[in-house]
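Asks: Once you have looked at the hints, place chain A on chain W.
In the order they appear, the protein sequences are chains W and A. For the first sequence, this note's numbering gives the first residue as 720, with consecutive numbering after it. For the second sequence, this note's numbering gives the first residue as 720, with consecutive numbering after it.
Don't read these hints as lab results, they were simulated from the structure. No experiment lies behind these values; they were computed from the predicted model shown. Heads up, some of the hints might be wrong.
The list treats identical chains as interchangeable, and a pair is accepted whether it falls inside one copy or across any two copies.
[Stated by the list, open to error] No more than 35 Å apart at the CA atoms, straight line, and that leaves these computed lysine-lysine pairs for DSBU-like:
(1) K759 to K736
(2) K758 to K815
(3) K819 to K836
(4) K808 to K779
(5) K803 to K836
(6) K779 to K803
Number of protein chains: 2
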Amino acid sequence: MTTSSGHTSAILASKVKGTAVYSTAGDKIGTVEDIVLDKKSNQIMFAALGFGGLLGIGEKYYPVPWSLLDYSEDKGGYVVPLNKDNIDKAPAYDLKDLVKHDGSLGDVRTTTYDYYKVSRDWQ
Amino acid sequence: MTTSSGHTSAILASKVKGTAVYSTAGDKIGTVEDIVLDKKSNQIMFAALGFGGLLGIGEKYYPVPWSLLDYSEDKGGYVVPLNKDNIDKAPAYDLKDLVKHDGSLGDVRTTTYDYYKVSRDWQ
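If we strip away everything but chain W, and leave its shape as in the complex, we get:
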C-alpha cells in the first residue's frame, strides 16, 4: 500500500475532480467531472467522465469503472481504455441519471461494467 514516496494509494475526491483524462494513444479526451460512490458496498463505483459539450448544454457523462483509471505521473492525468472513435459507443447518461436505477434506463452499473468487461466482486 505504501509507496517509496511515503504516500499510500489514498487520494482526495476533490483532487480527482477536474483531472484530465487521456486515451491509451495519449490524446487528451476529457475530464473527470465527478465520482459515483456506492454507499452500501463502500466501493467507488464510477468515475463520471465528461468529453465536452456545447457550453455544458446537453453534455453526457460517461461512467467508467474506477479501476480502469490509471494515473500517469508523466501526463498529470488519468489514462483510460477509450479513444475518440469508441467514445460514441460507450454508455453515457445525464449526470443525475448516474445514481438512478429504473426501468427506462436499466441498471447503469451493470450496463457499464458489462460494456468495459470489468468484473465486480461486490453487489
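Replies: Same frame as chain W, now just chain A:
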C-alpha cells in the same frame, strides 16, 4: 441495492461534499469537507469531516470510516457516532496529511479504523 424510490445506493461525490454532519444526539457538529478514496482497493476510505476552525486557519480534518456515516432524510445530513465531547479525542490531521503514510504520523488509516473500532476486510 435498489430502493422503492428507484434509486440505488449510488451517490455523487460532489453531492456529499458540504453535507451537514450530526451527532447521534442530533446536534449539528460539522460538515463533510472531502472524501478520501483508496485507488488500489477501489474502496472509499474516509469521509474527511470538518468541525469548524477560526476562518479555516489551523482547521483539522477528522477522518471517519465512510461506513459510519448514516444518511438521515429527516435531517438532510449524515449522522455519525461522535459528539462534541469526544471529538477532541478523535484522530485529526491537516487535510494534506490524510493521504500520507509516514513514520511521523503513523498509519492514518489504521489509527482511524482502530479508534472507531471499524473492521476492514480489504488491505
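Asks: Each hint: holds or not?
Replies: Hint-by-hint comparison with the structure:
Proximity of K759 to K736 under the C-alpha cut-off of 35 Å is found in both arrangements, the shortest distances being 22 Å within a copy and 18 Å between copies. For a Cα distance limit of 35 Å, the shortest separation of K758 from K815 qualifies both inside one copy, at 16 Å, and across copies, at 24 Å. For the homomeric pair K819 and K836, the shortest alpha-carbon distances inside one copy (21 Å) and between copies (32 Å) are both at most 35 Å. When the C-alpha separation of K808 and K779 is checked against a cutoff of 35 Å, the pair qualifies only within one copy, where the shortest distance is 12 Å, while the shortest distance between copies is 45 Å.
In this assembly of identical chains, the alpha carbons of K803 and K836 lie at most 35 Å apart only when taken from the same copy (19 Å versus 47 Å across copies). In this assembly of identical chains, K779 and K803 lie within 35 Å of each other by CA distance solely inside one copy; the values are 15 Å within and 42 Å between copies.
In summary, this structure violates none of the numbered hints.
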